[in-house]
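Student: Which chain is which? The protein sequence lines are A and B, in order.
Using this note's numbering, the first residue of the first sequence is number 1, and each one after it goes up by one.
Using this note's numbering, the first residue of the second sequence is number 1001, and each one after it goes up by one.
Don't read these hints as lab results, they were simulated from the structure.
Among the hints, erroneous ones may be present.
[Claimed, not checked] Example chain A residues on the side facing chain B (calculated, C-beta under 8 Å, incomplete):
no. : residue
1   : D92
2   : N114
3   : P117
4   : D186
5   : L187
6   : T379
7   : N384
8   : N392
9   : G396
10  : T397
11  : K406
12  : Q408
13  : G410
14  : D412
15  : S413
16  : Y415
[What the hints assert, rightly or not] Output of the computed footprint for chain A on chain B, the stretches with three or more beta carbons under 8 Å from beta carbons of chain A:
no. : segment
17  : 1027-1040
18  : 1251-1257
All C-beta atoms in this analysis are idealised placements derived from N, C-alpha and C, irrespective of residue type, glycine included.
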Amino acid sequence: MKTKLLTALLLGTSILGTTGMALAEDVTLNIESWRGDDLTIWKDKLIPAFEAKNPGIKVVFAPSAPTEYDAALGAKLAAGSAGDLITCRPFDKSLELFKKGNLADISSLPGMDNFSPVAKAAWQTDDGKSSFCVPMASVIHGFIYNKDAFEKLGLKVPTTRDEFFAVLDKIKADGTYIPMAMGTKDLWEAATMGYQNIGPNYWKGEEGRQALIKGEQKLTDPQWVEPYKELAKWKPYLGDGFEAQTYPDSQNLFTLGRAAIYPAGSWEIGLFNTQAQFKMGAFPPPVQKAGDTCYISDHTDIGMGLNAASKHPEEAKKFLSWVASPDFATIYANALPGFFSLNSTPVKMEDPLAQEFVSWRGKCKSTIRSTYQILSRGTPNLENETWVESANVINGTDTPEAAAKKLQDGLDSWYKPAK
Amino acid sequence: MDTETMAAETRAKRPIRWHVGVFLAPAVLVYTAFMILPLFGTLQLSLFRNIEQSQVFVGLGNFRTLFGDPNWSVNFWNALRNNVWFFIIHMLVQNPIGILLAALLSSPRLRFTAFYRTAIFVPTILSFVIVGFAWKLILSPIWGVAPHLMDFVGLKSFFTPWLGKEQYALTALSLVSVWQFVGIPMMLIYAALLSIPDEVIEAAECDGVTGMAQFWKIKLPLILPSIGIISILTFVGNFNAFDLIYTAQGALAGPNYSTDILGTFLYRAFFGFQLQVGDPNMGAAIATIMFLIILAGVCVYLFLVQTRLRRYQF
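Start from the sequences, fold in the hints, and give me the full structure.
Tutor: Here you go:
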């Protein structure tokens, strides 16, 4: 059934592709992507903007289902029928494609210098010498809060950890709202919105992340255990039965106005804007003392690369250069609030919540999730284990120290950092 | 006519029985293509390992990793333990309830039998996705009906977010699965009860064996073969289970792997999950072990249990 569907899809795309070519003498570029949700944005906004400036090049956005993307792309690349442009997942999945020779080296592409090293890190070889995808967007972690609730209770946006817990105490004492909407049922909330959200302030962002990869720091060091200690303190502020609360439950609790604070990723903005009936604000993870440097998780999520077997590499490179340009960044970031351009040129965005999130880039230092680069290649998988242990710490079934030790032991069992 | 020509004629009448082959062919071909070949493919896959982008023969290396490397073996034994518990709950709850329901249904005094039979059987034909999702909602501490219903009868204090607690999650899910599948033992036993000849029952009544005694002494021994079949079906089904856990708890079978059974363990190993890259060879090794476990269970049943059960048959 699945293969039949796939064959049908493949046939469909190939026929459509060729008829497109036959009708016009133009060069047609196909984009492979898993972002079916973005189809209208590509068709109505991005592609017309590019085609207007580049006559003679037609672009077709051809997404497949997220869960099937990697398998379908692999099959198409092997069969030589994949599109010219390939949307890149971050880190190892794309690195593997590059190593197999499916993605071209685009380190010298005009426009690549619009990006910072952190932005490019997700699509580089481990030594950082070759880049193979243009960074498109990242997501930023922080806390979204219910402005109306804060006004009603006379609360100030917390900037330090003590203020943060004082605010939580007040909301809890008042009793109208659940202080924080988060559950541990789906595990990843605890890790992604919890540990990776507040962690960078402790391990000092890139500094700690790089040191971990180099083996100079361990997950059992205080700066990696402290975030777990803070997570353990969250437990009393979560809703009743948070152990069985799923991710959609948390989203609904917050957008229905029953919870005051939501540990968030910026990708929520689009959904929350349409669902929540109250005003929302956002604040970055609170620091320890007022005036401390703040660190945020600005996680590279999506990029675009060039199929090494493309028949029109020159045109495709032109398109990629455009993707690397501020023009693209402006359209993309405004069409998808919460997916922020990684371009060094600041992008003007209309959405106030998105503006708030992106403004942190100015005052805080950016980093990416600590477990994504290199460290999740072996068994046990560090990212998966971090999900499980973060949930355990919040549930109170593991102490922060025990959780950190388990993670480090797991990592030690296969990861030998280059000395 | 002598016997020789008669024998020759019969021999001539059935030359080659080609129709046997023709009629068997579809089943044999389909079964071979979709069951036997993949089975051997899996066995073969489990003996190789992907080293530097090429498949290398490593003998039993993957099995040594599975049992010798604590990163794998801890998870494997945990999954096996959970799976055994999953099976025990089914045997202790699902099958006795199924037999009880069948006994009640076959009672001639019960009205609306067809309605009850259908109502109890309906969950069995529901999709796992629906069952998993519906029960997740029912048991949800936020929107679920379970806390309210328990509040009604004054049992609110006994409510906990079962699916989120390490000590309860697996048992809760086992019971959901029991709820879903209790119709199957009920139907099989019901059919077995109906097939008991009336003469046997009448003879029992003449001898003064009625009511409960009749059930324990006459009917139960007669339906034992069916109970045996149900046990083995439950065993195979439970050790192949995956869907319910996956839809209700996700591939990581949380909290803290407390609901991880062999099926979910195999899924994560074979297909990978999130940043974990799938390892088809280790996955095949786990699948092979699952196959052997089920094979052993079925053999125990066939050679030890079924041979003894025959005594009770007519």
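Student: Give me the numbers of the hints this structure contradicts, sorted from smallest to largest.
Tutor: 2, 3, 9, 11, 12, 14, 16 and 17
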